[in-house]
Amino acid sequence: MHGGEIIKEFKEKLRAVFECFEDSIFPAHCPCCDKIAEGKYGICDTCLKTLGLVKKPYCMKCGKHIENEDEELCKACMEHPRSYEFGFPLLSYDSVSAPIMYDIKYNNKRDYVKVFAKMIQTKWGKKIKSLDIDCIMPIPVHSYRLRQRGYNQAEVLAKNLSVYLGIRMETKILLRCKNTKAQKELGPKERLENLKEAFVCDKAADVSGMGIKNVLLVDDIYTTGSTIEACTLALKGLGVKKVYYTSICIVEQV
Numbered sequence: 247m248h249g250g251e252i253i254k255e256f257k258e259k260l261r262a263v264f265e266c267f268e269d270s271i272f273p274a275h276c277p278c279c280d281k282i283a284e285g286k287y288g289i290c291d292t293c294l295k296t297l298g299l300v301k302k303p304y305c306m307k308c309g310k311h312i313e314n315e316d317e318e319l320c321k322a323c324m325e326h327p328r329s330y331e332f333g334f335p336l337l338s339y340d341s342v343s344a345p346i347m348y349d350i351k352y353n354n355k356r357d358y359v360k361v362f363a364k365m366i367q368t369k370w371g372k373k374i375k376s377l378d379i380d381c382i383m384p385i386p387v388h389s390y391r392l393r394q395r396g397y398n399q400a401e402v403l404a405k406n407l408s409v410y411l412g413i414r415m416e417t418k419i420l421l422r423c424k425n426t427k428a429q430k431e432l433g434p435k436e437r438l439e440n441l442k443e444a445f446v447c448d449k450a451a452d453v454s455g456m457g458i459k460n461v462l463l464v465d466d467i468y469t470t471g472s473t474i475e476a477c478t479l480a481l482k483g484l485g486v487k488k489v490y491y492t493s494i495c496i497v498e499q500v
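Each residue of the sequence shown is one higher than the one before, counting from 247 in our numbering.
No lab work stands behind these hints, which were simulated from the structure alone.
Possibly wrong hints are sitting among the right ones.
To be verified - Label-pair restraints from in silico Cβ distances:
| id | residue 1 | residue 2 | range |
| --- | --- | --- | --- |
| 1 | Glu315 | Asp448 | 20 to 30 Å |
| 2 | Val342 | Gly396 | 20 to 30 Å |
| 3 | Arg414 | Thr296 | 46 to 56 Å |
| 4 | Cys279 | Ser454 | 44 to 54 Å |
| 5 | Met306 | Lys487 | 14 to 24 Å |
| 6 | Gly483 | Ser389 | 17 to 27 Å |
Backbone N, C-alpha and C fix where the C-beta goes; we use that ideal spot for every residue, glycine too.
Build out the structure end to end from the sequences listed, making use of the hints.
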């Protein structure tokens, strides 16, 4: 075992010890019922069964479930070409996950995010690591909304994934310069138009010099793909070669 592997193993053991210590002081609350959870990931065993994990067959682009295993792409990805490579969503956005995501976004339930980061690492970690991802980037929020909410839930998710996957996080390259209208009332075309020029990259950032070729974008919910697409175009315009994404939820019917 060479030096790099020894350091990596030490970090993993240290993280495990820290997590045990942290969980003993601040026990996890189940995102579904908000009770202290003793089950896997920090979710009650009964509640875990109610979560709609995205199941095979997957769309080979956005990663959502598709009914026909003979088709490679979902209808949305066939109608709207994507610039990113492909994605790794965890849950279908449904009646169980929707209130959880609302609590994360608006009720400061950021501790729930750690639960889903663990689940993403378990479900997709091996695949993500095989892609030679150089850094993880959370989808940025505008400073106005950051002041309103107090935190960026995508950044909290990215920070946890950075630890679990052993991939560095970058938050200074991809920026949000435009406070756009809320996306939830808009259709796919309107969403993309709404996000035009909303995301930019720091032009002083030398991604080649920083060793950044492949990026994993992180968001809480993937709805139409407009946000991921806008960020992908900004990053590729800066010189990034490949962009992937992961999210807690994906909306299957838009």
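Checklist entry - Can you list which hints this structure breaks, lowest number first? => result Those not satisfied are hints 1, 3.
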